[in-house]
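K.L.:
Listed below, chain by chain, are the residues.
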Amino acid sequence: MASVEIYRYISLDEKNIPLDPEGFLVDMEDWSPEVAERLAEEEGILLSEEHWEVLRVLREFYARFEQAPAMRPLVKAVGQALGPDKGRSMHLMKLFPGSPAKVGARLAGLPKPTNCL
Amino acid sequence: MLLHTLNRSPLSPVLDQALAGMGPEDRLLLIEDGVLGALPAQQARYASVAGRVYALHEDLASRGLLGLCDPTVRVVDIEGFVALTEECERTVSWY
Amino acid sequence: MQDETRHGDLLVILRHAPHGSSWLKEGLDVALVAAAFDRRVTLLFMGEGITALLEGQQAGPLGQKGTAPTLAMLEMYDIDSLLVEKRGMESLGLSDEQFMLPVQGVDADRIAELLASHALVLNF
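Chains A, B and C, in that order, are what the protein sequence lines are. With the numbering used here, letter number 101 in the first sequence gets 154, and the count goes up by one each step, no holes. With the numbering used here, letter number 94 in the second sequence gets 116, and the count goes up by one each step, no holes. With the numbering used here, letter number 22 in the third sequence gets 455, and the count goes up by one each step, no holes.
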């Protein structure tokens, strides 16, 4: 379950969507591709197909294991789903600069990964 | 050589886990409810580590067990506990 | 396999059953954090902790998350050295065909060796 502390809102189609202090969705059910685009905007990211395929991997990971992955398992999951060329930290760093596991989880509407920096 | 601390009584299955984890030189320090294991009637449970069993003075005293310990069990106070942790490479706690 | 377990540097011992307390969950979390930081991790299931491996586990009655999805995830963290105390399996009447993951049985007299050969041992 995501953090319950509401820090701010983003508004989309006249709906206010609560975020926690680190910008993660308070309610995972609020997620939609439009929400992802808005959150990406805040990171200065324009979502391309290469981003979307990673976000799908993240959401599948969560559906299977009930946790957002740290960097190492994210790299592995992306490699398994999208091939070894994409299952590299460099590729993920390029798409989601800074901390791919954290930024990716945020845009995918998942809770913050618990076991990563 | 490792120091193993155990805070469960001899009636607990955790004792068997601790004993399984003990190497031939390792020491066992009984603390809290673990000090019930210092009673003479319980010594068969600790046969595999006889002579390497310690019990914490403070926990024996608070339970009125100080005078009731088996002579093979060595009673140590907190300072003795610290000394044991220094003698041993690492400490593993069983609870 | 035997060799790998000897050289893994962190040994996490899991001795508590799922749902009854948070010890199992905390032990698994520690293992995941260590693996995320490239530590080699070996898990040793003892006593009641062995029941964490059973197939068919679910969330708790109030919807509390179980540990089975986390166990399924271990592979993604490259934690594949899973050891089980044989004596504990026998006393619970369980066999490894009932487990959700492949495990290696360990005789009682090898457990002390495992503790001695890992640079770091965390007991949960």
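Derived from the structure by calculation, the hints contain no laboratory data. Quantities reported herein were computed from a predicted structural model and do not represent experimental measurements. For every residue, glycine included, the Cβ atom is placed at its ideal position computed from N, Cα and C. Any given hint could be a false lead.
[To be verified] If you anchor each label on the Cβ, the simulated ranges turn out as follows:
no.	chain 1	residue 1	chain 2	residue 2	range
1	B	33	C	537	40 to 46 Å
2	C	511	A	59	46 to 52 Å
3	C	511	A	136	42 to 48 Å
4	B	115	C	531	40 to 46 Å
5	A	136	B	46	49 to 55 Å
6	A	74	C	533	18 to 24 Å
7	C	463	B	33	27 to 33 Å
[Stated by the list, open to error] Here are the simulated EDC-like cross-link-like pairs (lysine to aspartate or glutamate), alpha carbons at most 20 Å apart as the crow flies:
no.	chain 1	residue 1	chain 2	residue 2
8	A	68	A	103
9	A	165	C	462
10	C	498	A	95
11	A	165	C	459
12	C	458	C	508
K.L.:
Taking 49 to 55 Å as the stated bounds, is the beta-carbon spacing between residue 136 of chain A and residue 46 of chain B within them?
P.N.:
holds, 52 Å
K.L.:
Between the alpha carbons of residue 165 of chain A and residue 459 of chain C, is the straight-line distance 20 Å or under?
P.N.:
Between residue 165 of chain A and residue 459 of chain C the Cα gap is close to 17 Å, so the pair holds against 20 Å.
K.L.:
With 46 to 52 Å as the target window, see if residue 511 of chain C and residue 59 of chain A comply at their CB atoms.
P.N.:
Violated, since residue 511 of chain C and residue 59 of chain A (Cβ atoms, about 37 Å apart) do not stay within the stated range.
K.L.:
Has the given pair, residue 68 of chain A with residue 103 of chain A, been kept, meaning a C-alpha gap of at most 20 Å?
P.N.:
violated, 28 Å
K.L.:
With respect to the beta-carbon atoms only, verify the hint that residue 115 of chain B and residue 531 of chain C lie 40 to 46 Å apart.
P.N.:
This hint is violated: roughly 30 Å between Cβ atoms.
K.L.:
Given the hint that residue 458 of chain C pairs with residue 508 of chain C, test it: the Cα-Cα distance must not exceed 20 Å.
P.N.:
This hinted pair holds, its Cα atoms lying about 16 Å apart.
K.L.:
Is the hinted pair residue 498 of chain C and residue 95 of chain A satisfied, with a Cα-Cα distance of at most 20 Å?
P.N.:
Given pair residue 498 of chain C, residue 95 of chain A is violated - Cα atoms ~32 Å apart, limit 20 Å.
K.L.:
With the threshold set at 20 Å, check whether the alpha-carbon distance from residue 165 of chain A to residue 462 of chain C stays at or below it.
P.N.:
Given pair residue 165 of chain A, residue 462 of chain C holds - Cα atoms ~14 Å apart, limit 20 Å.
K.L.:
So the hint says 18 to 24 Å: do the beta-carbon atoms of residue 74 of chain A and residue 533 of chain C match that?
P.N.:
At roughly 36 Å between Cβ atoms, residue 533 of chain C and residue 74 of chain A fall outside 18 to 24 Å, so the hint is violated.
K.L.:
Do the Cβ positions of residue 463 of chain C and residue 33 of chain B conform to the proposed distance bound of 27 to 33 Å?
P.N.:
holds, 29 Å
K.L.:
Please test the hint of 40 to 46 Å on the beta carbon pair from residue 33 of chain B and residue 537 of chain C.
P.N.:
violated, 31 Å
K.L.:
Cβ-Cβ distance between residue 511 of chain C and residue 136 of chain A: within 42 to 48 Å?
P.N.:
violated, 19 Å
Checked against the numbered hints above, the structure breaks hints 1, 2, 3, 4, 6, 8, 10 and satisfies the rest.
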